[in-house]
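J.: Protein chains in written order, with our numbering: chain U, 56 to 470; chain L, 56 to 470.
Take the hints with a grain of salt, since some may be wrong.
Claimed, not checked - A few chain U residues that face chain L, going by a derived Cβ cut-off under 8 Å, partial list only:
1) P111
2) P117
3) D242
Simulated from the structure, these hints should not be mistaken for lab results. Note that this is a predicted model, so its numbers are computed, not measured. C-beta atoms are modelled at their ideal positions from N, C-alpha and C, and glycine is treated no differently.
Protein chains: 2
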Amino acid sequence: MENKRPSIVIVGGGFAGLECARALERAPVDIVLVDRQNHHCFQPLLYQVATAALSPADIAWPIRAILSRQDNLRVAMAKVTAVDTECQCVQAGPLSLPYDYLVLASGVTHAYFGHDEWSAAAPGLKTIEDAREIRARFLLAFEEAEIAADADARRKLLTFIVVGGGPTGVEMAGAMAEVAHETLRADFRRIDPRASRIVLIEAGPRILPALPENLSRYARTTLETMGVEVKVDTRVTDCTRDGVTLGDGTRIDASTIVWAAGVVASPGAQWIDAEHDRAGRIVVNADLSVPKLPNVFVAGDLASVSGEHIPGIAPAAKQMGRYIGRQLAERAQGRETKAPFQYRHAGDLATIGRRAAVVKMGRFELTGFLAWVFWGVAHVYFLIGLRNRFVVAVTWLWSWLTFRRGARLISAAEE
Amino acid sequence: MENKRPSIVIVGGGFAGLECARALERAPVDIVLVDRQNHHCFQPLLYQVATAALSPADIAWPIRAILSRQDNLRVAMAKVTAVDTECQCVQAGPLSLPYDYLVLASGVTHAYFGHDEWSAAAPGLKTIEDAREIRARFLLAFEEAEIAADADARRKLLTFIVVGGGPTGVEMAGAMAEVAHETLRADFRRIDPRASRIVLIEAGPRILPALPENLSRYARTTLETMGVEVKVDTRVTDCTRDGVTLGDGTRIDASTIVWAAGVVASPGAQWIDAEHDRAGRIVVNADLSVPKLPNVFVAGDLASVSGEHIPGIAPAAKQMGRYIGRQLAERAQGRETKAPFQYRHAGDLATIGRRAAVVKMGRFELTGFLAWVFWGVAHVYFLIGLRNRFVVAVTWLWSWLTFRRGARLISAAEE
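Looking at chain U on its own, in the form it has when it is part of the complex (with noise of 0.2 Å):
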């Protein structure tokens, strides 16, 4: 009897997608990697796009260009609406998938904790889309101030909010706070940007929680110095496109608000009815596959190992997606493969402005400028494709050297 290569199901070009696909590039199997977009987006820099510092193709590239030389694999723009563990199949837009083994990598969206309505209001900040959203508000919020005629209304355009204190909140305030106090400053006649109120509202006791307390009090004075206004221990009960209201019911009126804080998961746990945890997200085995469906794997943000708590940042899913892949390529060659996924956690890090960092690595902290070289460093050399890397590069020197801003496009104006 001939061995039919088992047919493997990947969906989601994230981290975890990407990871997994490219641990089975030798294996004897058949692929299909399923994402609604065409793009991979290096999430860690979304916030660069966000405030004007990149374009969006410098941190997304096309799905099939990164993986176009996997002859095993091959890649569907399509948004998946069910999945049939009976028959093992996904139906995404026209096709119908047969699986052997899926993987499920479709990650988390921005939550609002109940309060759905607010997502018009605060857009969060997790695919290219948002980010051209979040960028097209700010930059306008400083032209209609420009033309505004009363100075309530120049208030309320030039103040920014940012829910959520976590590494991506924090690097939003910081850089609102320097395009409003650097770049943008010679650039207004009526108004002075550097007026402009920048407030992070973080809902504990503490901003970047994950790190340890003295790295989030440098944290908290760096963004003070640079005039971000940080407010711990604070609710927000109401959000609309006017403003937010606190939990002590101060109100603060803005025209843009960003959303940082909370996320939840991607419809995984219903397409295949599997438990999930209270952000939706599906609980597995030590091994990443699902209780009672052996051949199906969940990876990245989507997975809730049971009895551990993994960060959702890209080191974890893409350790996960390479775990699943090694797995099923193993078991693709006919031989067993026992040992449990294992989380490394190889440390955390977040820039603040132009000038400061926070680096912690297992017992090696690190803060201010070096910090921050370090961060660049990495995230250049974890951003796919060698142009990329060059363009993000040179546009960030160009940046840091004229503390000009090359992707100030309003395009969302347009009628």
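Since the structure of chain U is already known, use the hints to place chain L on it.
T.: Positioned in the frame of chain U, the structure of chain L alone reads:
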């Protein structure tokens, strides 16, 4: 009596408006430059954004950043809705801008010869947003063809039509052929992008009618070698999302249609109730002022200089803008100027894919690879901003060496 500095309002931040503002750099005047976009767009390279070679930010630049050092000028991002020539005031969004001199440089948009309903089916190429839309349709066609079930649908998806055989149409068709036949070659499994059909349709007897016949012939042969079908003496009589109908009744099914045939002026003539030609261009005197409105000037594509044909190209717009700026600078200093505007035609050029171009400057003609190098150097030179020049040069070199394209993002496809 104190000498009040004259107020000048410039409408439009294209080549003409910018050049006019710059010519007034040292003049004792107060300038407001109004544009409904925040950015100046280098239109000659828009087709490269539409075919995924460059990012929008590579060819666009915030108007206020370009002019930030010019102290006698402020920029307002607002849409002009009316001009009161009696009170000498421009209405733009919430602004009322009084003027002593008015310069209209709001350009043209694409015209559908009375068939405005074709615009949804066949977008033109005048703005960054247009280019992004065409890029999304073009790239999405390949993605949809890859997952399409039947051969007819695939054939339709892989048919691309460019209407209009001027420089923009020729450049679009050449770039599309290059993407289909080179860039995407290895990226698909079920379709062969090289089987794509690219059709360039021109109503007149030859493409590039502004150039001598031998250069038109060369361009046509080169395009045909690259796999573009060139149809001259061919009119489009209908145009839908499913394809076009030609004058002889032939129907071509296609999913992507680009309109590069004919332009119509922006509503400048209505604003000031002035005489205009069939395309809506304002008929102006030899000094580019409007008959009966001696303090209103028109520059760039919006101007129709009586008795003279001035092509709608960047150098012509710049010359007009500079001329008006200098005239106004002289007047502001109490000097009289009477020399009429004289257009100096520098030349015509168009590129055809990655190996050839045609150049004509005076009696000097050039074709082939050398012409292509000339075209590239000229365009990089005229790009605004040191960083943009550098990034575009690097991106081109990289694309040329690798056959890849850096900006293959489909973002309109998102939900």
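J.: Now look at each hint and say whether the structure bears it out.
T.: Here's how the hints hold up against the structure:
{"no.": "1", "hint": "P111", "verdict": "holds, 6 Å"}
{"no.": "2", "hint": "P117", "verdict": "holds, 4 Å"}
{"no.": "3", "hint": "D242", "verdict": "holds, 4 Å"}
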